[in-house]
Structures are given as C-alpha cells and as structure tokens.
Amino acid sequence: MTVHTAPTGTPADQAKSSELSFIGALRANMRDYGLLLALILIMLFFQYFTAGVLFKPVNLTNIILQNSYIIVMALGMLLVIVAGHIDLSVGSVSGFVGALAAMLMVGWKFPPELAFLAHPIVAGAICLLAGAAIGAAQGYLIAYHKIPSFIVTLAGMLIFKGLSLAILAGKSVGPFPTEFQLLSAGFIPDLIGPTTLPWLAENGQNVVLHTTTMVIAILAVVGSVFFSIRTRARRRARGYDVEPFSLFVVKNLVIAALVLFFAYMLASYRGLPNVLVVMGVLIAFFVFLTKRLTFGRRIYALGGNLKAAALSGVKTERTTFYIFAIMGALAALAGMIYAARLNSATPKAGQGLELDVIAAVFIGGASALGGVGQVAGAVIGAFIMGVMNNGMSIMGVNIDWQQMIKGVVLLAAVFFDLYNKNRSA
Amino acid sequence: MSKTILEMRNITKTFPGVKALSDVNLDVQEGEIHAICGENGAGKSTLMKVLSGVYPHGSYEGHIVYKGEEQNFRSIRDSEHKGIVIIHQELALVPLLSIAENIFLGNEQAKNGVIDWDETRDGARKLLAMVGLSEDPDTLVTNIGLGKQQLVEIAKALSKQVQLLILDEPTASLSEKDSQALLDLLLEFKKQGITSIIISHKLNEISRVADRVTVIRDGRTIETMDTNDITEDRIITSMVGRSLEDRYPSREPKIGDVVLEVKNWSVYHPQHRERQVIKNIDINLRKGEVVGIAGLMGSGRTEFAMSLFGKSYGQKISGEVFKNGRKIDVANVGKAIANGIAYATEDRKNYGLNLIDHIKHNTTIANLAGISRWGVIDDLAELDVANDYRKKTNIRSSSVYQVTGNLSGGNQQKVVLSKWLYANPEVLILDEPTRGIDVGAKYEIYTIINQLAAQGKAILVISSEMPELLGITDRLYVMNEGRIVGEMPTSEASQEKIMRSIVRAEGKAS
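Top line first, the protein sequences correspond to chains A and G.
As numbered in this note's numbering, the first sequence has no gaps in its residue numbers, which increase by one up to the final residue, 639.
As numbered in this note's numbering, the second sequence has no gaps in its residue numbers, which increase by one up to the final residue, 648.
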C-alpha cells in the first residue's frame with residue numbers, strides 16, 4: 215500500500231514554515247532597513263570626510279537641535295501626503311506663529327489685566343491653538359469645498375508670509391524670556407548627578423556622563439526589547455508566522471546598540487535636549503497613530519482609494535479636516551522651536567522650510583499618489599537631509615553645491631524606491 | 139481555397155502567480171471574420187495583447203506567423219506597421235480633441251513637424267465616409283455618442299492601412315442599432331479583403347457575421363468551429379466546460395418576514411438638478427430572500443442602490459426606508475452601515491478596494507470598531523478576522539498580506555465580499571457581483587450568497603446577466619428608466635418575460 219503525503223508536507227515541515235528563513239525575512243524587510251542603512255552610511259561618510267567632527271557629541275546634539283523643527287513638521291506632513299494631499303504653507307505658518315509668539319511675549323505691551331497672555335506657557339498654548347486653527351481653516355476648504363490642497367496651501371503660504379511681515383512690522387523681535395528659550399536651548403536636568411568615567415580620559419580630560427540621560431536610554435531599550443518579545447510570543451501563541459529568532463535577536467541588538475551609542479554621545483555632552491524629549495514623544499505617538507489607531511488606518515485607506523474608503527463608511531471629509539488641523543498645530547510647535555532657537559522672530563523665519571519637510575517625507579518612501587508612507591521613514595528622511603546639511607557645512611561645501619547635492623539625493627531616493635517597487639511587482 | 143494569414147502557435151503567457159494562456163493555438167484565414175469566444179478571464183484579451191505587441195516578444199512563449207513570416211513584435215507600433223490594428227474595449231480616444239485629430243493621433247499629417255490641417259481634415263472626411271459617419275471632422279470626440287466613437291476608432295485603424303482588424307468586445311456598450319451598423323461595416327470590410335478578429339460574448343452577433351469561431355477557456359484553446367455547425371448550446375458548453383444546469387448551486391429558500399422596505403424613493407442627477415434618475419421606487423426584501431433587480435444598462439439600478447446606501451449618489455433624495463418596521467436614517471454611509479445595510483460595488487477597482495493595500499486592511503476597513511477599543515486597533519484580532527474571512531470566502535493568495543491589486547478579479551471580489559460580511563449587515567446589496575470573473579469563482583460567489591441567505595440575511599442582487607438572476611434569486615424586480623416596471627417570483631420568470639416588461643414600459647413612456 216502506498217502512503218500519500220499531503221502536498222503541504224509533514225507536520226514537522228509545517229512547524230518549520232512558521233519561522234521564515236533568515237535571508238528571506240531579511241530581504242522582505244530590506245526596504246524598511248535600507249533607509250536606516252543609508253542614513254548610517256551617510257553618517258559614516260561624513261565622519262570620514264569631516265575628520266571625525268560629525269560624531270563629536272556637541273555636533274550630534276547640534277544636528278538634533280538643527281533638525282527638530284523639520285522633523286516635527288515632517289510628522290504632520292506624512293499624514294498629509296499619505297492622505298494624498300500636500301501642504302505648502304507649513305514654512306510660512308511656522309514663521310507666522312514664531313512671530314505671534316514673539317509679539318505675545320515681547321512685542322505687545324498688554325494692560326496689566328491681560329499681562330498673563332505674555333506668560334510663556336499661555337503664549338505657547340495660544341500659538342498652538344492659532345496653528346491648529348490655521349490648519350483647520352485650510353483643511354475646511356480642502357475637505358469640504360474640495361479645493362485642491364496645492365492651491366489652498368499655496369495661498370496660505372503667501373498669506374502667512376505677509377502676515378508675519380505685518381505683525382513684526384518688518385523687524386526682528388526678541389529676545390525671548392528664558393523659560394521659552396529652554397524649549398530649544400535647554401537640556402533635561404541631571405537628577406541623579408554626573409558620572410565620571412576616568413578610564414576613558416582623553417588628553418587629561420575625564421569623560422563626564424549625564425547619568426539621567428543614560429538611565430532613560432537604558433529604560434527605553436529595555437522597554438522596547440520587552441515589548442518586542444511580548445509581541446513575538448503573542449503572535450506565536452496564536453499560531454502566526456514570526457521572523458526567525460536569529461534575525462529577531464540581531465535586529466534588537468542593532469537597535470539597542472544604536473540607541474545606547476547615541477545616548478552615550480549625548481550624555482557625554484550635556485544630556486538629552488528638551489526638544490529631543492518633545493520630538494521623541496511626538497514620534498512615538500505618531501508611530502502609534504499610524505499603526506494602531508483607527509484614525510491612522512482611515513488615513514491610509516482614503517489615501518489609497520478615496521471613493522472606496524468613503525463607501526466603506528470612512529468619513530473622508532472629517533478625516534482630511536483633522537489631518538490639516540494637526541499639521542497646523544505641528545507647524546506652530548515647529549515655529550516656536552525655531553524662534554526659541556534663534557531667540558528672536560524674524561520676518562523671514564520659516565520660509566522655504568516646507569520644501570525640506572516635503573523632501574524628508576518623500577525620501578522616507580512616501581508616495582506622491584497617497585496611501586503609502588511611514589513615520590519612521592519620514593524621520594529618517596529628515597535626518598538624512600539634516601546630516602547632509604551639517605556634514606557639508608563642516609566640510610565647507612558651498613551653499614550652491616549643497617542645494618544641488620540635496621536635489622540629487624531626493625531624486626535618487628525616490629528613483630531607487632520606485633525601481634525596487636517595480637522589480638518586486 | 140483561401141490561405142492562412144495569421145497563425146499563433148503554442149502561445150503561453152504567465153503573469154506572476156497565474157498562467158493566463160497555455161499552449162493556445164489560433165489560425166485565421168485571409169479575408170474571414172473570425173470570432174473568439176470565452177468567459178471573462180478566459181484569456182481572450184491577453185491573447186490579443188500578445189498578438190499586437192502590447193506584451194512584447196520575449197515576454198511570452200510560442201510563435202506568431204503572419205503572412206508566412208515569423209513575427210517578433212516588440213510594441214504596438216511594430217504590429218501596426220504590419221497592418222495589425224487592435225481596438226480595445228476601452229476606447230483610446232482623447233475626448234477633448236477633435237475627430238480628425240484623434241484619427242491621426244501619433245500619425246499626424248505633417249511636414250517637418252508642422253501639421254497640415256487641410257490634409258488632416260480631408261483625410262479624416264474620406265475615412266469617416268468609409269465607416270459611414272457624416273460628422274464634421276472638427277467635432278470634439280466628447281460630443282459624439284459611444285457608437286460613433288467606436289466608428290472613429292475604426293476610421294483611425296483604416297488610416298493605418300489595416301489588414302487585420304481586431305475588435306475587443308466592440309458592441310459591449312453599444313445600442314442595438316449601433317451594433318447592427320458596426321457589424322454591417324465588418325461585412326463590408328470583408329468584401330474589401332480586410333480580415334477581422336472579433337472578440338464577443340454575444341452569440342447572436344457571432345452567428346450573424348463570423349465565418350469561424352475559436353473558443354478559449356481557462357487560457358486554453360478548446361476548439362475552432364465553422365459557423366455552419368454552430369449552435370448556441372454547443373458554444374456555451376464549450377465555453378463553460380459544463381452544462382448550464384450546474385452553473386448555479388441549488389438552495390432551499392427559507393423566507394421570513396420583511397426586513398427592509400423602501401418607499402417612494404426618488405433621486406435626482408448629481409449635476410443636472412432637474413433630471414430625475416430614480417422615480418418613486420417601492421421595494422421590499424424579506425429575511426433569507428435573494429431578490430434580483432433586472433434591467434438594461436442605464437436603467438438606474440446602480441444609482442438606486444448607491445443612493446440608498448448613505449446617499450452616495452445623487453441629490454434631492456426623498457423617500458423612506460424601514461427596517462423591521464422601524465424607520466431608519468441612511469443619510470450617510472456610516473449610518474447605513476450602522477443600520478445593517480451593506481453595498482458591494484459593481485466597480486471593485488475604483489469603488490471597492492484599496493488596491494495598494496493588502497487583504498487584511500481591506501477586510502476590516504468597514505468595521506474597524508469590531509477590532510478596536512477606544513480607537514486602538516488590536517493587531518492580532520485583526521489578523522484573526524482577516525484569516526477567518528480569507529478561509530470562509532476561499533480567497534486564493536499567499537497570505538492576508540498580499541496586496542489586493544495583484545489578485546485576480548474573482549479573488550478581489552471575494553475580498554470585497556469579506557469586507558461586507560465582516561460588517562455583518564442584515565441587508566446586503568450586491569451590484570454585479572460576478573462581473574469580470576471566471577466561471578469557477580462565480581460558482582463560489584453564488585455559494586456564498588446562498589449561505590448568507592440561509593443565515594437569514596436579505597440579499598439584493600443587481601445583475602446584467604439575466605441567466606444569473608434567474609439562477610440564483612427568489613424574486614425579481616425589473617427596472618427601466620429609473621422605475622420599477624415589473625415584479626415576479628423567479629419561478630415564473632423568464633428572459634422573455636423580463637424583456638417584455640421592459641419593452642412594454644418603454645412603449646408606455648413614449
């Protein structure tokens with residue numbers, strides 16, 4: 215008698231198939247890791263060509279401070295672009311809100327009963343609301359009146375460029391109160407106290423670490439490893455495929471090593487900048503929003519196929535409206551960070567920033583047709599631009615060349631992405 | 139005897155995951171009209187795309203011999219150069235250019251890049267005369283009807299010195315009169331020695347004009363017949379691969395109380411405020427009942443369904459909807475879904491699916507509440523749901539992470555069904571649920587419909603295929619020009635009876 219083996223294989227084969235092969239899984243995730251790899255390569259490139267300046271703790275801190283406002287806006291722009299829209303006004307809106315912040319805190323002389331408006335926290339809240347309101351107004355026209363976002367926000371760009379000139383009366387206004395400056399210039403306090411590492415002394419100077427920063431980084435790493443182990447265990451318990459254990463370990467080790475390395479770098483300068491804390495919280499929230507919230511899911515659905523989403527009960531208009539309101543609030547926050555960093559509001563502030571923000575999102579793999587894009591991609595995209603700006607400036611590359619090189623990188627990134635997609639299709 | 143003009147030998151064409159054609163053979167005699175028949179998805183259009191160079195030489199296996207020479211077409215330009223012109227189902231005309239501009243598009247009557255407009259107009263007029271069209275060549279294409287647009291396409295083909303004309307379902311969207319004119323034209327061309335290949339579903343047309351018929355099923359040549367030996371039954375059996383009786387799964391209807399009742403429903407056109415598209419429609423659906431809406435294209439069936447589903451079509455909508463005797467609000471899609479109504483569209487690519495996203499996300503989008511709490515999605519619950527429905531509806535894919543744009547039509551339709559099944563409606567409206575999918579998948583979809591009815595859901599099926607309606611429904615409404623013009627139990631219905639109520643209504647209207 216012949217025994218027929220089922221075409222799906224023996225039970226042992228099936229057990230094996232729930233763990234994909236290492237190479238196969240790596241290849242499947244190559245697009246996700248490719249961008250991170252590109253960032254690391256670019257950093258190493260500049261580390262070499264700037265004779266080691268790029269990775270100096272003070273410079274890494276600077277890169278974060280210089281790009282914080284771009285990243286904050288890139289988070290909102292990702293939603294806008296995934297929804298199939300564009301927002302050209304964010305640069306001008308951020309400039310306008312910076313100007314508004316300056317006038318509230320410094321420029322306008324309020325009567326005593328209104329003096330509370332000049333308090334940095336109150337003024338900050340007003341600015342965020344103003345940004346959200348601006349975004350909401352543009353979003354209203356785009357979502358409910360179906361005016362193309364390109365046109366609405368192009369108009370917005372001109373309007374708010376003009377408005378910031380108007381309320382600043384063409385002058386720079388500053389300096390800001392110290393509390394407000396802390397937003398960009400401050401670092402978190404070292405509650406635990408510094409740790410000295412004498413064995414790493416260089417030129418007779420001890421390495422002094424910002425201990426709180428290291429503790430936060432270690433907690434973050436432990437937390438992330440804990441959650442990824444838990445997710446893996448849960449998937450497995452429900453009988454779903456998981457990535458091979460080797461890849462899982464390598465991935466977690468690499469991420470942990472990167473985080474700890476950068477934390478160490480920051481800790482050996484002045485610790486975590488306040489603005490990085492703000493950014494970190496925002497990035498984490500936006501990752502959660504896009505991956506786990508129904509609101510995020512609806513954005514991808516309407517960006518992928520607006521009509522199908524509407525016929526599936528997605529309130530496409532309301533969702534679009536909220537996206538622009540969020541974008542406005544983030545542009546406001548970015549405007550305040552920018553102004554706090556310069557310690558004054560200038561009429562030219564924020565101009566042209568929208569292009570860097572949009573470029574970051576596209577380098578990060580978002581599709582201009584909507585429906586595709588990841589928060590992590592946009593953040594890495596922003597850092598790629600930021601590191602290139604920083605590295606080329608240190609190398610003394612002229613601004614004209616810098617612009618051209620950035621343009622080529624944007625093109626190359628998108629071209630490479632499309633090429634990969636076509637090959638896999 | 140006439141000689142062979144075209145021979146396609148052992149053509150095999152594979153797409154990632156699907157074998158669209160395997161060892162297809164076709165030979166066409168000079169001067170004949172050769173029909174190609176087959177179900178949707180059988181591979182007819184793919185075969186013609188191979189022939190015309192849309193799929194270039196090298197992307198398929200097999201040989202094409204045309205006029206005694208082996209051909210390796212690398213693009214449409216190559217095949218057109220040899221006098222092979224294909225006219226696709228979706229016309230390739232630019233609506234806002236004139237007839238003359240369209241005819242000579244890509245082949246402009248120009249000297250050194252400067253267009254000679256007199257030459258263009260004269261040439262166009264001559265070609266239009268050949269196809270029996272008396273329009274001014276300067277008329278914009280958007281301003282003439284579909285039938286005339288089809289003729290413009292043919293005039294365009296003539297301008298390329300066509301010797302082998304391929305028409306892909308040329309009469310699919312034409313009226314009876316325009317279809318007749320087109321077929322007469324083909325017979326006229328035949329006299330002039332132009333060979334034609336016509337892809338068509340309409341058996342009466344085939345028997346009228348074609349000399350021979352080749353039937354293709356599931357990517358294989360089944361047989362080639364002389365028209366003299368053709369009977370409809372023979373073609374159908376050959377097309378379907380099984381006799382008609384087995385095309386519809388059997389069912390014991392268990393029909394309960396009225397679930398949904400629509401009263402006095404009226405809808406106006408979204409752009410033209412005065413034009414009433416749906417006129418005072420009353421219908422009802424019972425628990426466990428499958429009800430069909432029959433009617434010609436443009437009778438307002440889809441418009442009615444979409445206006446009912448959250449007012450997704452039209453304006454100035456009036457009328458009342460009752461569910462289980464209680465009046466319900468269907469003012470937007472969200473409310474319609476919440477009230478247990480689902481509508482699976484006829485146009486799954488444009489209205490049904492997010493083609494760039496995978497099966498999992500498409501399955502849950504209409505019922506995110508079911509897999510989330512406080513707006514936070516439970517990943518694993520979602521994966522469970524998607525896998526569950528993938529199994530229930532028998533979607534063939536590598537996993538639920540396969541992008542829906544890469545699925546075949548039948549599997550895409552099953553994803554659309556999964557989406558609406560997961561929304562758990564009491565009333566399911568299926569608009570052309572089997573359009574463009576193969577016979578096997580059709581059978582599976584009918585089975586799903588039967589299961590749903592057995593679970594006590596009320597199902598409204600809109601379909602242009604009358605045999606399908608007769609095969610799967612319990613009761614039929616007939617629609618014409620925005621009105622319900624007939625209602626009958628399916629057991630008493632026939633194609634003739636349905637057509638009669640449509641024609642009678644037309645008579646009354648005029």
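Since the hints were derived computationally from the structure, they do not count as laboratory data.
Where hints are given, some of them may not hold.
Some chain A residues flagged as far from chain G (calculated, every beta-carbon gap over 10 angstroms) [as the list claims (entries may be wrong)]:
id, residue
1, TYR247
2, THR264
3, PHE269
4, LEU274
5, ILE278
6, PHE330
7, PHE364
8, PRO391
9, ALA434
10, LEU507
11, ALA523
12, LEU525
13, VAL528
14, GLY585
Derived pair list, reagent style DSSO-like, types lysine-lysine, alpha-carbon separation capped at 30 angstroms [unchecked claim]:
id, chain 1, residue 1, chain 2, residue 2
15, G, LYS449, A, LYS360
16, A, LYS505, G, LYS473
17, G, LYS249, A, LYS521
18, G, LYS298, A, LYS529
Owing to the predicted nature of the structure, the values given are computational and were not obtained by experimental measurement.
Glycine is no exception: its CB is placed at the ideal position from the N, C-alpha and C atoms.
Hints versus structure:
Chain G leaves TYR247/A outside its interface by the beta-carbon criterion, the shortest separation being 18 angstroms against a cut-off of 10 angstroms. No Cβ of chain G comes within 10 angstroms of the Cβ of THR264/A; the nearest lies about 40 angstroms off, and the non-interface call holds. At roughly 37 angstroms from the closest C-beta of chain G, the C-beta of PHE269/A stays outside 10 angstroms, upholding its exclusion from the interface. Every C-beta of chain G lies more than 10 angstroms from that of LEU274/A, the closest at about 34 angstroms, which supports listing it as non-interface.
With a least CB separation of 30 angstroms from chain G, ILE278/A remains clear of the 10 angstroms interface cut-off, as annotated. At the 10 angstroms boundary, the C-beta of PHE330/A stays outside the reach of chain G, the nearest C-beta of that chain being 35 angstroms off. Its beta-carbon lying about 21 angstroms from the closest one in chain G, PHE364/A satisfies the requirement of being farther than 10 angstroms from that chain. With a least beta-carbon separation of about 37 angstroms from chain G, PRO391/A lies farther than 10 angstroms from that chain, consistent with its non-interface assignment.
Listed as outside the interface, ALA434/A is consistent with that label: its C-beta sits roughly 21 angstroms from the nearest C-beta of chain G, beyond the 10 angstroms cut-off. Not every C-beta of chain G lies more than 10 angstroms from that of LEU507/A, the closest at about 5 angstroms, which undercuts listing it as non-interface. Not every CB of chain G is more than 10 angstroms from the CB of ALA523/A (nearest about 7 angstroms), against its label as outside the interface. A cut-off of 10 angstroms between C-beta atoms contradicts the statement that LEU525/A is not in contact with chain G; the least separation is 5 angstroms.
Listed as outside the interface, VAL528/A is inconsistent with that label: its C-beta sits roughly 7 angstroms from the nearest C-beta of chain G, within the 10 angstroms cut-off. Against chain G, the non-interface label of GLY585/A is violated: not every CB pair exceeds 10 angstroms, the least being about 5 angstroms. Between LYS449/G and LYS360/A the CA atoms are separated by roughly 18 angstroms; this keeps the pair inside 30 angstroms, and the hint holds. About 26 angstroms separates the Cα atoms of LYS505/A and LYS473/G, which keeps this hinted pair within 30 angstroms; it holds.
With a CA separation close to 46 angstroms, the supplied pair LYS249/G and LYS521/A exceeds the 30 angstroms bound. Pair hint LYS298/G plus LYS529/A does not hold up; C-alpha atoms about 50 angstroms apart against a cutoff of 30 angstroms.
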